[in-house]
Amino acid sequence: MNISKIKMFLKLYWIRILLIAIGSILLTFTIILMAAGIRAMINLESFYKQMMFSSIPVQFFLSVITAIIFASIYMFFNYWFLFGGGMTKLGQKRVRAEEVNITWNEVVGMEEIKREAWEVVQLLRDHAQLKQVGGQVIKGLLLSGPPGCGKTYLAKAIATEVKMPFLSVVGSEIEGIIVGLGASKLRNLFKEARTMAELKGGCIIFIDELDSVARTRRADIGMGGQMSANAAVNQLLTEMDGLRKRENNIVVIGATNVDEKELDPALMRAGRFDRKIYVGLPGLKDREQLFSFYLKKIQHDQTIDVSLLARKCVYKSPADICNITREASIIAVRNKKDSVGMLEINEAMDRIDLGLKIPIELNSKEKEQIAYHEAGHAIATYLLHPTDDVFKASIIPRTVGFLGYVYHRSKEEMHIHNREYYLANIKVALGSYAAEKLKFNTTTSGVDEDMHQAMVWAYNMCWRWSMGPSGLKGNFKELEKSFAGHSWLGSSGSNYISEKTKETLDIDVQKILNQCLKEVEELLAKEIPLLERFAKELIARQELDYDEIEAIFKECGKTKLTV
Amino acid sequence: MRKNKTYRLVFFFLICFFLCGCFPIKPTYTKENLTKSITALGKKDYKLSIDSWLIGNTVWVRIPVSGLFDEKEQLKPQVMGDLNKTIQAATRVILSMNPRPLFLVAVASDIKETGMDCLFINYIPDIVKFQLQYLSRDEFYKRSIITIDQNAFSLGDESGSRLKKHDLGLGDFLNQLIMQRLRNELSEIYFEGKTWKIKIKTKEENNIIKILAYFCKEYDFNDFQIIEIENISSGEKSLVSKEDLKNFLR
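So the protein sequences, as listed, match chains A and B. Every position in the first sequence, counted from 1, becomes a number in my numbering once 924 is added. Every position in the second sequence, counted from 1, becomes a number in my numbering once 65 is added.
Hints in this document: simulated from the structure, not taken from any laboratory. Among the hints, a few may not be true.
What the hints assert, rightly or not - Label-pair restraints from in silico Cβ distances:
1. G961(A) with S224(B): 46 to 56 angstroms
2. L950(A) with N122(B): 29 to 39 angstroms
3. L950(A) with F77(B): 29 to 39 angstroms
4. I956(A) with N122(B): 42 to 52 angstroms
C-beta atoms are modelled at their ideal positions from N, C-alpha and C, and glycine is treated no differently.
Chain B on its own, in the form it takes in the complex (with noise of 0.2 angstroms):
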């Protein structure tokens, strides 16, 4: 009897030494303390002065450095390094939230010499799956937008209150990046309604094709009805149905 009672207690403890990734773990941080948290882990861990704001499901997170660029036209190493920090802390705050928001942006304004704002924008799942190992380093990083912004208001603006901040959409977001991975053969990309414009320069349609096909499918867009893309120099147009591009994968 007291020999089954230890078995017993024996194989409880088994299933939930190997279950306890199973049971649900209270969010560290909350939605509401969200831009608090990471402007106080910043500080604590990263000594660095980190504004942030939420606005609808993107976390804005911003540092103000003097000078963006180095002699040689490059990101500064001092720069890329509190960028960096400050997508750590900004991540470690999100991941540890239920639920997440979609879209963070980490910006650098250069507030001393030139009022440009270098930004990093990453779509949250993408982070999630890094972490995880789902991504490797370097798909992370094509999946990350990185843009420069002449922003003449960041001159001056300890505070960040001049940022021009706004909630991102997946459209947007896959608008940039698709022109980012097609900077040279892409002419524009935007959304007309249901109608997805891309005009192109190049004879490359099917390229163009199979790269929308993919990010379509690795972000399970569906928000749109048909493509249309034109061919600037020719002035023709082709339309691509929803049906189309997912048989374009296969």
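Next comes chain A alone, as it looks inside the complex (with noise of 0.2 angstroms):
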């Protein structure tokens, strides 16, 4: 009983008995060291005694220095990591409206854009009007959309409308080696924001690449790093809605390329990001203004078409634009110009979209390969493709399209293709295979990418799209993905498609591929004097621009399909 009893108190307490026979241990032998410094002490002789004594105010001293030293040190590199020193403010420009002098009028190529961001800068002027009537400020204003589309320049446009600072951070700056840096990064911009607004009567915080400190919360898979960012979203989270004695005029202007599922949903719930503008690429009109605007800016020829030149650019962004002329400008100082022109831009795009050219010396069997393989692909597009145009050939080797390329797009935007586009940009692909063999009897490695596209393409119509021929319905990819576990080593899930459905999904694919080819087949075969023409005139001029493309299917009697 008794045996017991001691075992159940061991057990209940055996951390404080071993920190206990710990604790004893140490003060026994503290006691003995000390009692035989003591008697060292004593024994010592008079003149070491008296050398010991002297000398104690002094070491008192220096010790005492040496430990405000050791704190001050201690005290300040605390205050640099974590509260508000220079580490936390790493990444934070703090700006006055003034100094961001972007006007409205400046912001030029996202005309619907503007609009609703507009009533946003009304209500951040009018907030307290707004208060009087008892309506909410906003807190939260997000911009998405794909990257160079003009998100922080439209926030730089708001802080200078609404005449309010602006502090400025980005997001992959916020998180730091440090766990729990990022948070107190947080933490210090929003207090300097609160301080700003009640000098000011307002502050903008512009958190570029919000999707850094803002990523669905998850479980932390034991490295201690998803807790420094959950840790950080809790923190944006808390000073956005958090309990506040007193309400400021801070309002929160995030951007990010991601979507917005991406984010996590507490930050994207009404009351915090209140405001959601997609910020989009921009359309045909605005494409037009972005030129007409960067244009001023250089020396240009006045003949110089914009509404072409927008017409061009489908899939361009502001920055894609921007880029052009500004490239534009220096391939005129280089051919010693003194303005931009039509053939400055055509280069500057064709150096953007397509690369460099590169000093590669093809011998004439190749070229008329090369010739021959892009000749297939221009034949295909324009007479299969139903949306597609044949702006460029080429076989001057190139950084992007390597050995030769057929630079082929839509006229204007598209956001949505049916089966025929796909099937078409199958059969634009497989035109290069196609040509080789009927003109060589052989193919070549030239086509490995085109293969690649035309599998790709045949893929997704088959898994994804409910495309094939077989007529198997459903996105079988996603079906996998949606039920994948996550764990550190990946994702990981069970096979909910049957083997046989796998196979149907695969023979779909090769089906489709090999009716496109033979469908490319047969018009090349029919088409044989136009492959000649095209291939040759290709060889001769190495280069072939949209007109010269145009008159070649001309001269054969042929115009392009039009859908």
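Mind docking these for me? Both chains are given alone in their own frames, and the hints should help you get the complex.
In structure tokens:
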């Protein structure tokens, strides 16, 4: 009975017992050492005793000074790393509204977006009036969209218009190597913003690359990194909608390239990022405005047709358009010209889209093979593609297209595509293979990327979009992804698709590829004179532009397929 | 009220703590038991048989050894080690007494082979300064006189009774120290009454006066009226007054 009681006691209090035992041992040793020390001190000869006593105050003061120095260093680093010091302010820029200096009129090429943003500007300007009627001030504005579309520019213009101080921070710079540093930086950022808001009546915090600090919170997988990221999101949530003694006119503008779905849902709810504006790629009219805006800044040929340029720059962002005009001005300087002309702009576009020319010397046989390869693409595009035009064909090696390329795309943005579009894409990709086979009765490794593209489209048609010839319906790729488990080694999951279905889908992929190839082969066999003409012209001129391509097809009595 | 008492107590202890070096401490050794204490300490802590004598203001300590030099005609390491321990034992006793003597002469006597004595002479205030780190080790050794004397009586003298012991004066000590420092330049240095007579071999008179001035200042030595420097190669004599000597260092 007694033994069991002792066992129970030990089980309950073993840590306490262990600590007491260790403490007692340490105390005993300390007492023994102190006693030995005192004894040795008593037995010291008078000279050394006097020396020791005399040095006590000096040693004491030295210890105090050393302690003060080390404590100061420790406190400085502590403050610097965690409590509002320099480390926590890294990546944070404070800018006054007048220093931002981007006016509303300077924001061009996003008229629809500007209209939406203007409403936000009005709400921020009239926050006092809004409060009078009992309305709530906007807390957050999320600007999402592809890169280079002017999100930062728009945020700066908003700051200029509402005449508020502007604190700018990049999301990726908030997180650091120290766990909790991100949260600390955010805390200090908002603290500064509140001070600014009290002084100036309001403040705008702009967080670029918001996704770096606002991704959906997840459980930590044991390495601690996720905990830090979660802490930063929690801090942002608290700062935006936490318990505050006083409400301040602080507006957070976040910019991100990622989908809203990937951001933490708590941040997206009303009361945090109240307003969301999608800053997408510019439309035709917007691109015209952008070209006019950027061309105004450089010396240019007044005959340049901005509407033509806008049509040529489908899927180009404002940053791309800015880059084209800048590149064109550099080319003009290199060509010793006073102003930028259409030639320079075309060269700049080629350089940006297709890369720089590579000085590779091709022999005549290689040139011929490449020319027929590209001719196959061009003819398939011209005669079979429902939306795309051939803008350029070249056998000059470049960094993007490598040995040769055919540049084709639609005349206007398209946001959704049908089965025929993808089949046409596959046919265009396989055009090179068919042409090589038809002309040389063999094929080359040059079809590598074409085959890859064709397979990707065929695969997606069958596995994702229910466009396969067998009639199987469903998004099989997403099904696998949806049920896949996540671990720190990557994603893994059970197999939800039967082997038979997979086999059918794979057969569908091959059927599509073979059917497309057959059609292209038939087309090219029928259009051998056109193939020969196009290839020879390409060998002779190296590069063919839109007008030249059109002329060749017209000479051969062909017209562009239109749907 | 109670709080005030606590503050006063804390303040009192703090004052005691900081001023503890200012309170007088009873010397561990006395003049009467000096020689016995050195011998006892040597036996107890250093396992050496040290003989010691107090002659006036000079403490003589001696250890008998068997052979002073090795094959390379250097002092044997064993002898050096024992002599160091002897000096340490004597120093510990001398420093912890009040008033202190002025000179310590440590002797290693070869009682077996040659009858030579190796003498280390130190000015005790220099030892104190060295202990309190006012003097560097290098400077301390420069202020130590090391001499080798031939003393046939030392052979077989186990007790040290035949060692020629006498009381040293600051003047004698300085003469030997300056002589040691300027061994190549000096011929002779001695006192004749209150005249400090210096016979030199070199023309570099200024250098010698500089050394004299330095030592007189360092040891606060004034027990002379005039310095007479005689160049034995030319026979020229020059006189240096105390004032001139002081001015020399300015």
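Checklist entry - Out of the numbered hints, which ones does the structure contradict? => result 1, 2
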